[in-house]
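Chains H and Z supply the protein sequences, listed in that same order.
The numbers in the first sequence follow the working numbering, run straight up by one, and end at 746.
The numbers in the second sequence follow the working numbering, run straight up by one, and end at 235.
Heads up, a few of these hints could be off.
Which bits of chain Z does chain H cover? Going by a derived footprint, with three or more residues having C-beta under 8 Å, they are [what the hints assert, rightly or not]: (1) 86-97; (2) 101-112; (3) 208-216.
Simulated crosslink set (DSBU-like; lysine-lysine; CA at most 30 Å straight-line) [to be verified]: (4) LYS55/H <-> LYS370/H; (5) LYS370/H <-> LYS210/H; (6) LYS418/H <-> LYS54/H; (7) LYS34/Z <-> LYS210/H; (8) LYS34/Z <-> LYS21/Z; (9) LYS210/H <-> LYS64/Z.
Residues of chain Z clear of chain H, computed beta-carbon distances all greater than 10 Å [said to hold, decoys possible]: (10) GLY143; (11) LEU154; (12) ALA185; (13) GLU205; (14) ASP226.
Bear in mind the hints are in silico, worked out from the structure with no lab data behind them.
Ideal Cβ positions, reconstructed from N, Cα and C, are used throughout, including at glycine.
Each chain, written out:
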Amino acid sequence: MTDPRVDLDLAREHGLSDADYARILEILGRTPTFPELGIFSVMWSEHCSYKSSKKYLERLPTRAEHVLHGPGANAGVVAIGEGLAVAFKMESHNHPSFIEPRQGAATGVGGILRDVFTMGARPLASLDSLRFGPIEDPRHRYLLHGVVDGIGGYGNPVGVATVGGETSFHECYRGNILVNAFNLGIIEADAVFLATAAGVGNPVIYVGSKTGRDGIHGASLLASAEFDDASEAKRPTVQVGDPFTEKCLIEACLELMATDAIVGIQDMGAAGLTCSSFEMASNAGTGIELDLDRVPQRETGMTSYELLLSESQERMLLVARVGQEGRVREIFERWDLDVVVVGTVTDDGRMRIRHGGAVVVDIPVDPVAKSAPVLDRPLREPADLRERQKLDLAAVAPEQEPGAALEALLDSPNLGSKAWLYRQYDQLVQGDTVIGPGGDAALVRVKRMDGTPTDMGIALAVDCNPRWCWLDPYAGAVAAVAEAARNVACTGARPLALTNCLNFGNPEKPEIMWEFAEATRGLGDAALALGTPVVSGNVSFYNETSGRAIHPTPTIAVVGLLERWARHAVSHFPAAGLEVVLLGECREELGGSEWLALRRGLEAGTPPVVDLEHERRLTGLLGEGVRRGWIRSAHDVADGGLAVALAECAFTGPLWIGAEIALADTIRPDALLFGESTGRVIAATAEPEALLALAREGGVPARHIGRTGGSHLVIGPPQGEPWIRASLERLHGLWARAIPRRLEEG
Amino acid sequence: MLAVVQFPGSNDDRDMRFALKGVLGAETELVWHKRSELSSGTTAVVCPGGFSYGDYLRCGAMAKFSPIMAAVRRFAEAGGPVLGVCNGFQVLCEAELLPGVLVRNHHLHFVCDFVHVRVERAAPPFTSRARAGDVLRLPIKHGEGAYFAEAEVLARLERNGQVLVRYCEADGTPTAAANPNGSLAGVAGVTNEAGNVFGLMPHPEHAVEAAIGGVDGLAILGSLVDAVRGARGRR
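Given only the sequences and the hints, what does the whole structure look like? Please build it.
As structure tokens, then:
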């Protein structure tokens, strides 16, 4: 098979602009070969080069004393003490999951695991953030089944617990679902591995699965362009996952990393062999000579172009010390994995690739890896933004049936129990899950690499309210960071750092780019204020189909540390007879709320205000209150407001424990019950006086609102008829069946 | 010395070692599946949970051909205690060291949850720390955990007291609602006729610490450790 003739038209078909192609000609001083064109197209694609987002990402706070490795490495690495660190990152696999939900989601999990263990960490805990179109749409029920099957079908066999996540449904995802996968691993702080091809003469070794024709141009064509009706035809660009090989690869790599045989390692993710080899050489300031004939192949007759651009899964590239090849080979052969020396590190800064005896690629490393075009795309506030934000509360009819409203909210797919999903995931493997899915944050115990348990626990939460981000991307992003940090703090943990997955529409549209600029500005301000630097992340643009974009969805995952995990708070009421204390203030904020959408059919207004200074004090108070044993349970007030949060406190634990709550606030009762003011936490305590005093000292508004006990949830004003009196059995039944019921009804 | 067999794709192997060694203090070693002999001094063998060989064919179908399984068979035939958990149970059934087979859950989904099982018989080497009728709260996590055996085989198992644990409500009543996977007669675990080989779908190794899954798993793993304490071992 002969390669096609390379010209401007072919470059355009590869997603390169005319200016890009001119740069390529300038760099090479000649017309690129077909494989070279392929390399430029993937390395300079939006997905790999971050060309539209770079300008904004560079403004994010990324440093702190405890941050060992920030953005740029495969995963962020944060020290937690006792010589240990956590490595974590989140990544999107949206387009593949929409086209082929099971494999798309599975390989999303596989990819994020490789990002983590490539650093030398043992993957410990996964989260996921999923967004679907309306559950009433049969296609989206199919996608939900497929994605859950894919996450479990990959995460369960590799032996990594899925400990939490979030799932919601909205019209805006009908043409473009979101699948964001997060993983965190434990690592020795002084044994972090990086993607570097250092040491001239060192062998470059390929390990893992064989290379096939799957996933070619997954990054450049699938992830870096809008969807249209023809996108179904791109199904072959979705990779196929093999969790068994990944499991063996994890064990073999960790075993190898315990020796001193290698100097650098990189997974072959987006853009496969190309991206990994260029990054490793670029990071070390070296060059690489590769021989494609030696690459293990599972199909015959693959071209240079295909071998270089394949995104076949479960493959790694590593650079060993000269003379250590035997040791590498011994370990990987024991795990029955392919292990082949495919090249050598050189000193000339060039990537020279041979195939069939001929040189098919000979290009300088840095101009490809480091000087991808950086764009400053035009920004424009969406013309209808002010319209979206318009909300005259006085014209919104007050809730006449608060009890029915609570039931409707608990019975909605967005607020209903997600157990149908997470029961299909192994939440327990590795034996460290202290708090699994269903609470505010997950909590996992930390073991050393040799399996010895420590006292430390890591709390994790992932959050975003896309409706808020659509109404005000800046405020929405601030709120997402604040909520994730608050959730982590509800266990008693101190938020350490965050990762993100920034899902947006087509950046070539000024309105989308404006949303992105606003959201990253909010992300940066909140991360700075809460002392949670951004240590890793991922941008996913082009989340739109036939011109309709998703709501801006900057998904945020915050990681926190609990020095002694044994002393933590749960999110449900742990016992009857405890006092209920509300931390934070209830304001008359119904803009962008679930109540407004569900009961009044309105998605409008401005999102609730976030007071970052208050959030910082609240986080500190939660940590101190839990440490002193004064907070037995703490639950964040979020979607659905105070009434929904109280119901969750009552029926999500092993025992159902009701409460009688009296609220003296003078704002309209529906805003009090269902408004989503931020910065609020419901705490249960046996020491109300001590906790209230601590809150006063810490500058956090706090008041006693009731007492736990009984089989009902009663919420009302201090005197007179309660607004809500509901049996927990009834509320729990609605909440537990919200999703299964709709799947069965079909 | 307890041997925990490590197949490629095992993923509860280190958790089992932690439970036996870290929590119960018993000498434990991980034994690679390509070995053809157990270490001398082996007092019990445990086949852990996971997805041996990816379980792409039939759960446990490939693992029975691992070199170590011939040694495990010899060990079992000589009367040594052998425990299989989840995928380990599936492997022991495929190797015909245990009767019956595990098939796809009746609801067709993988399920991870805590369930209750009733101890049907309290005896060494697997349930001596319990009393008959005790209810244990243990986690399950499997897609293919529905126990199946021919009617006459099942009748024989019941008659011989080979059904060691059965899914039940928290109060010990076996009901259809408490059966998480459609196992025949709510069977959660069975022994061979001699009583020295035991397989179960629930994971005792994930219920050995009060604050992480509870301690009911110790009723089973503690019994095994008690049984082999002081035993001389063989291979």
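Results for each hint:
no., hint, verdict
1, 86-97, "violated (count 0)"
2, 101-112, "holds (count 4)"
3, 208-216, "holds (count 5)"
4, LYS55/H <-> LYS370/H, "holds, 14 Å"
5, LYS370/H <-> LYS210/H, "holds, 29 Å"
6, LYS418/H <-> LYS54/H, "violated, 35 Å"
7, LYS34/Z <-> LYS210/H, "holds, 23 Å"
8, LYS34/Z <-> LYS21/Z, "holds, 23 Å"
9, LYS210/H <-> LYS64/Z, "holds, 26 Å"
10, GLY143, "violated, 8 Å"
11, LEU154, "holds, 28 Å"
12, ALA185, "holds, 24 Å"
13, GLU205, "violated, 7 Å"
14, ASP226, "holds, 22 Å"
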